[in-house]
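Visitor: In case you want the letters, here they are:
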Amino acid sequence: MAKPATKPKAAPSAAKTKPAKAGDNSVSPDELKSYYRTMLLIRRFEERAGQLYGMGLIGGFCHLYIGQEAVVVGMQSTIDGKDAIITSYRDHGHMIAAGMDPKGVMAELTGRSGGYSHGKGGSMHMFSREKNFYGGHGIVGAQVPIGTGLAFAHKYHGNKNVSLTYFGDGSANQGQVYEAMNMAALWKLPVIYIIENNRYGMGTSVERSTAVTELYKHGEAFGIPGEAVDGMDVLAVRAAGERAVEHAKGGNGPYILEMQTYRYRGHSMSDPAKYRSKEEVDKYRNERDPIDHLKARLIEQKILDDAQLKAIDAEIRKIVGDAAEFAQHSPEPDPSELWTDVLVGA
Amino acid sequence: MSTNVLMPALSPTMTEGKLAKWHVKVGDDVKSGQVICEIETDKATMEVEAVDEGKVAKILVEEGTEGVAVNTPICVLAADGESVSDAPAPQASAGPRASGSPQSEPEARGPEKHESPPPAPVVHASAREPEYSGKMVKMTVREALRDAMSEEMRKDGSVFLMGEEVAQYQGAYKVSQGLLEEFGEKRVIDTPITEHGFAGLGVGAAFGGLRPIVEFMTFNFAMQAIDQIINSAAKTLYMSGGQMGCPIVFRGPNGAASRVGAQHSQCYASWYAHVPGLRVLAPWSAADAKGLLKAAIRDPNPVIFLENEILYGQQFDVPEDPDFVLPIGKAKIERPGKDVTITAFSIMVGKALQAADELAKHGIDAEVINLRSLRPFDTETIVASVKKTNHLVSVEEGWPFAGIGSELAALMMDHAFDYLDAPVKRVAGLDIPLPYAANLEKMALPQVDNIVEAARAAVNR
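Chain order of the listed sequences is A and B.
Residue 1 is where the first sequence starts when you use the working numbering, and the numbers rise one by one after that.
Residue 1 is where the second sequence starts when you use the working numbering, and the numbers rise one by one after that.
Bound-form chain B, shown alone (with noise of 0.2 Å):
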């Protein structure tokens, strides 16, 4: 059986190269490794190798010539003991590959078929908010945090705690307060500070079948680890066919303190909300910290849960019930109105709540949505708010460009064009890094005057 070499391809953009050079003549025994010729593009030159034994039978294209395409054949192999003269011509046959070879089966290959993609699967919320009439308990951000993660410790002991000063130290903002007393040095961890490897051991962990909570000092910290929450945590599922979940939780404070400088106040919620594969989920109340917490935990894929320093000291109202779990990717409205929406996340609801109260001075009703998760995004909720509306503005502490107010507003030509009065409006952060000086800081974030502004300027009032 002989064996046709063909021109091979030094990259998949290549087309075609010149034979350089043959390194053996016809008769010559070729044993599989051994280089046969030396091809060239404008790139590179490279060996060609023999992968089957045999004999050269013929050589097909004389070194020097320019231009010959990939998949030719170049020259002949007689198997053991096949006489040279016995070897097919090229023509005649293309050898065993042929089956498989590119040229008998063009349709399996191309660039050149432009099938469109099928729709993306609509996302809905995973479960509708449970009603909830029980009793409740005055709780602080903070403290809905730490219950959220001891319940959970204690019905899952896979479920751990790592990050840097989460145990001794009992959190850098005394998140983690009691956890190191209750489920001891094996499930409340220490790290060295170490972003980028811990964040890739917590990933190990949860392909090896732990349930991690990673918690980053802040988000600020993240940046250093990102790449393992995006190439690995976020990403592996989808690589490996469906086979490598990854049930880990990032969580930390995110965004603007107070005149922490530049490098500890951004918000990275668009970051995040960009990347299939993760969660994205802002609290903005105890309830919603523990609700979206306890349901992060649960979640068999990687959520990224942003909380907010300021935020951990306030009190709300929390549901006692340790079944309490709030569903992921459901909107809250949390205050009905019938003339402007206004969405926030994070410690912008709390603004967007007082701003909604200045405009009622003005006899403007502002509805005002938490919208609580980023990815998936609950533009269902959002759309018939506007629908009722017609005006829409976004409020979000981090920057502008390409930010979430931006998608919204993309959203909303996609889903609610015909029901907008007047264009959305953006409130955000200031273009620049965040500065020191007190006056400055305040200017630089998005004030509750400037909500009201927003929203007065939407309904032209």
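Next comes chain A alone, as it looks inside the complex (with noise of 0.2 Å):
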């Protein structure tokens, strides 16, 4: 089982990175403030969840999205409530930030009836109409597609509403996204390609899987714009969502934004990470990390002080927590459930 551990090249270089327009007027405390409380709150929730896992109350495969959180935190505040996001299986993250009950989220985790999907879609699989959250997918690339129909339906319905089609590095290489840009750039789709570049599709690094290796130019033959954006910094990648969400909803069609971003755990929980040194995941968390980045920022522009902070972390710790206990508590789903839900109105 144990493959022969391989050290990655060198990160790709940041110069084609697009400077966050530092100090940004625009964006006020408070919104700085939300965004540091929910990139912590996906962070926390992540943290639990892996240690449920560990305790083996949370089975089958858990995909943890710490290290990515500025990503979907600087995402969302550039869309409203009828905006459709669309992901693969490392999506609990897109699902908190959408504004779903970490409750109901940890509780599928445990396959628990209190769950979204009240116990049978689990961690890759949760949804919510209300928030036009489209899931969670678990076929690398096949969420792409479907993003792409879910822009296909806002144009038909005549609405200025976008999707937000979010996939990863790994997913860059199949052929069903390359089918889906090329409609979506020959109808002029409002959708916009998230691709979560963190640098291994599981234990392959895009250097080892990717000819092309700047993912922001994967829709050149088709026309799409892209650019490369620090996926560590929330504001550089609110300032470029806002770019892209407005070529989208101005009727350009598709826009690809490439995050450059990093996941600090495995692939999934069982993943011993032989493929990149401790050194580089060091390196991101110290140095690069989106939550202490913004931390730093709300201290020096003296927006939080300790005692706010600690706060915030006692709120954050009691949601998570309640989660938690909710998941645990939560009962598993009824034996009648087994045959609800194959058909609409059968």
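None of these hints come from the bench; they were simulated from the model.
Wrong hints could be hidden among the right ones.
Claimed, not checked - Here are the simulated DSS-like cross-link-like pairs (lysine-lysine), alpha carbons at most 27 Å apart as the crow flies:
| no. | chain 1 | residue 1 | chain 2 | residue 2 |
| --- | --- | --- | --- | --- |
| 1 | A | K274 | B | K25 |
| 2 | B | K138 | A | K295 |
| 3 | A | K278 | B | K31 |
| 4 | A | K278 | B | K21 |
| 5 | A | K188 | B | K186 |
| 6 | B | K361 | A | K278 |
| 7 | B | K43 | A | K310 |
| 8 | A | K318 | B | K31 |
| 9 | A | K278 | B | K43 |
| 10 | A | K278 | B | K18 |
| 11 | B | K31 | A | K103 |
| 12 | A | K274 | B | K21 |
| 13 | A | K249 | B | K186 |
| 14 | A | K302 | A | K103 |
| 15 | B | K186 | A | K160 |
| 16 | A | K274 | B | K43 |
| 17 | A | K160 | B | K25 |
| 18 | A | K249 | A | K160 |
| 19 | A | K283 | B | K25 |
| 20 | B | K31 | A | K33 |
| 21 | B | K31 | A | K283 |
| 22 | B | K155 | A | K274 |
| 23 | B | K43 | A | K302 |
| 24 | A | K283 | B | K186 |
| 25 | B | K332 | A | K82 |
| 26 | B | K58 | A | K318 |
| 27 | A | K274 | B | K186 |
Claimed, not checked - To give an idea of the chain B side of the interface with chain A (calculated C-beta under 8 Å), a few residues:
| no. | residue |
| --- | --- |
| 28 | H196 |
| 29 | M239 |
| 30 | S240 |
| 31 | Q314 |
Virtual Cβ for every residue (Gly too), placed ideally from N, Cα, C.
Reassemble the complex: the two chains are provided individually, in unrelated frames, and hints are given to aid placement.
Guide: Listed below in structure tokens is the structure:
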């Protein structure tokens, strides 16, 4: 089972990344606080999910989002509640950012009736019609045509909404992604392809899997504009997201954002992470952490003091603690649930 | 408040592991996310990170210890300001997580329990077939399919058609003739040749509130798209606890046409009929085509609609009433008889009827059932027929192994075993890729003679 350890090549140059609008005055202190709070909520939620997994309370596959929080929080700040969101199986952060209840998400992880799918979906398969969150998809790349179809529906209905379609660097080599990009460009569909490039598709680095490693260029054959973004900086994400949303809502068709980010944990829980060095992980954690970065800014700009930060910590600890409690005490689904939801009206 | 750190599981199957190395010692401050130790199993080594913050109060399992069971407390963290000696012994308290830990709640988990599932709900056809006594018009299957689409598109603005050559070209087999002119390019959409992509796009559009009709130029090409059909369209309703309905029709010709070779000649009936979450229809006549396609478009579920290229040009009587719709899940007795039941679907219904005429010459009165719906399956009608005839012959164009006929044989074992006077006979395509040569192709596909032979063997006359 053990594979030989391979040292990843150097990180792709960040030179192509457009600089964030540092000190962007359009971001209010309240918005900054809210981004911090949501990122921290995702981080603590995921840590707790990892712990419940270790205790055997969560089964199967469980892909944690730790390290990538700025991507989804930054993007969420650029859309409204009617825009569609869809992603892969590393989806807990997207659901929390979309405003779904952490209790329902955690209870789905433990396979309980209080979960968003009544325990019938699990970590990779959760949805919320109410929040326009369309999953949670377990097949690498399959959400990309579906997200494009959500954009198609927006255009067909004649509304001004967009589809945020997230996928990873691993998906970026799937054929159906390019089939979808072609149709999106051809029909000018309001879809934003957000490639969360965390540098490894499972254990294979982008350099080892992808001929052109600048993933933001992957739409060039279809004339889709793209840009690389510092996905560890929530404000850089927000700024790029605003450009992309404006482009799509303006009837100009799809847009690609390559979010250069990093996952601290393994691909899934049983990943021994032999394909990258501890130094590499530590470097991101210690120098690039999106939450530490924003926290420093909040302190420096005197938006929050120590006591206020502690209060946010405590509030989030309680939300996550309550979610974990709920997820452990919500009953398992009734056996009658086996036969429900196979077909509508049958 | 102190916290016990427990031996974690790396995977759902791990029960124990080795505590290989400690990265912290008693008295160290630990932050959440910090690596505190390494554990090993036969498969992997993994670093264990702290979830809670605190000071290491006690190390309970020394490094190098093998066979540490999952969920065994391995160290104690004391909270901020708590002195190390205040930390309770692990036996005294399992920490704050105890209330929900597996040990204290064994009844909530368990492959140990062997709870049997409740029985499957009995599926009856959603409605009886309407008695139609109004005016009939002559129409080809091709026209019936087109009329079904255009009538439903007039009724419901969320219905649209997409596929290769459906618009300007008027359909590769001219099924969508005139639709572009009537409904415009917003609702009749030519796609690039990318089945996987446009099937997925259709699924997304259905999730987004539309009712797509996705035409495959043939179902052979839908193999490119089968992941989206099964994993996305068929399963998402279930996986979402009922939130994500997918009202979509995937339609197009299925099975052999005429000498188009193995890659363009496969029958997918048993493939799709295998999958819960789909409806699978296979019309024969123009009335079937019209009534079932209208039902499929109105249905809130993903429907696989298997047409047949050779049938497109055949003419049948069709009820003129634009509200004529057939129920999904209902087979039709095309010819009543008392000696042997012959089931068939799609083009094989015509062959079965010809075989019945031939059998009549031998004094054998065959009942021919047009299955029409392969999922849900009208077991009731077939069982009732077999109770009368005591013999069953299944006819299909597809391969015999794990085919619709195999399923029928199994269903008869379950529901009509005591009524059978002879084993169920299967007439199916030969178990080979379909050959191109005219003589070989004919031999490979079921012909009227094969059906006659099988029925005579069944009744032993």
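Visitor: It remains to establish, for every hint, whether it holds in the given structure.
Guide: Consistency of the hints with the structure:
no., hint, in the structure
1, K274/A with K25/B, "holds, 25 Å"
2, K138/B with K295/A, "violated, 75 Å"
3, K278/A with K31/B, "holds, 18 Å"
4, K278/A with K21/B, "holds, 16 Å"
5, K188/A with K186/B, "holds, 13 Å"
6, K361/B with K278/A, "violated, 83 Å"
7, K43/B with K310/A, "violated, 40 Å"
8, K318/A with K31/B, "holds, 18 Å"
9, K278/A with K43/B, "holds, 19 Å"
10, K278/A with K18/B, "holds, 21 Å"
11, K31/B with K103/A, "holds, 25 Å"
12, K274/A with K21/B, "holds, 17 Å"
13, K249/A with K186/B, "holds, 19 Å"
14, K302/A with K103/A, "violated, 32 Å"
15, K186/B with K160/A, "holds, 17 Å"
16, K274/A with K43/B, "holds, 12 Å"
17, K160/A with K25/B, "violated, 58 Å"
18, K249/A with K160/A, "holds, 6 Å"
19, K283/A with K25/B, "holds, 24 Å"
20, K31/B with K33/A, "holds, 22 Å"
21, K31/B with K283/A, "holds, 17 Å"
22, K155/B with K274/A, "violated, 59 Å"
23, K43/B with K302/A, "violated, 49 Å"
24, K283/A with K186/B, "violated, 51 Å"
25, K332/B with K82/A, "violated, 46 Å"
26, K58/B with K318/A, "holds, 26 Å"
27, K274/A with K186/B, "violated, 51 Å"
28, H196, "holds, 5 Å"
29, M239, "holds, 4 Å"
30, S240, "holds, 4 Å"
31, Q314, "violated, 31 Å"
Of the numbered hints given earlier, the model fails hints 2, 6, 7, 14, 17, 22, 23, 24, 25, 27, 31; all others are met.
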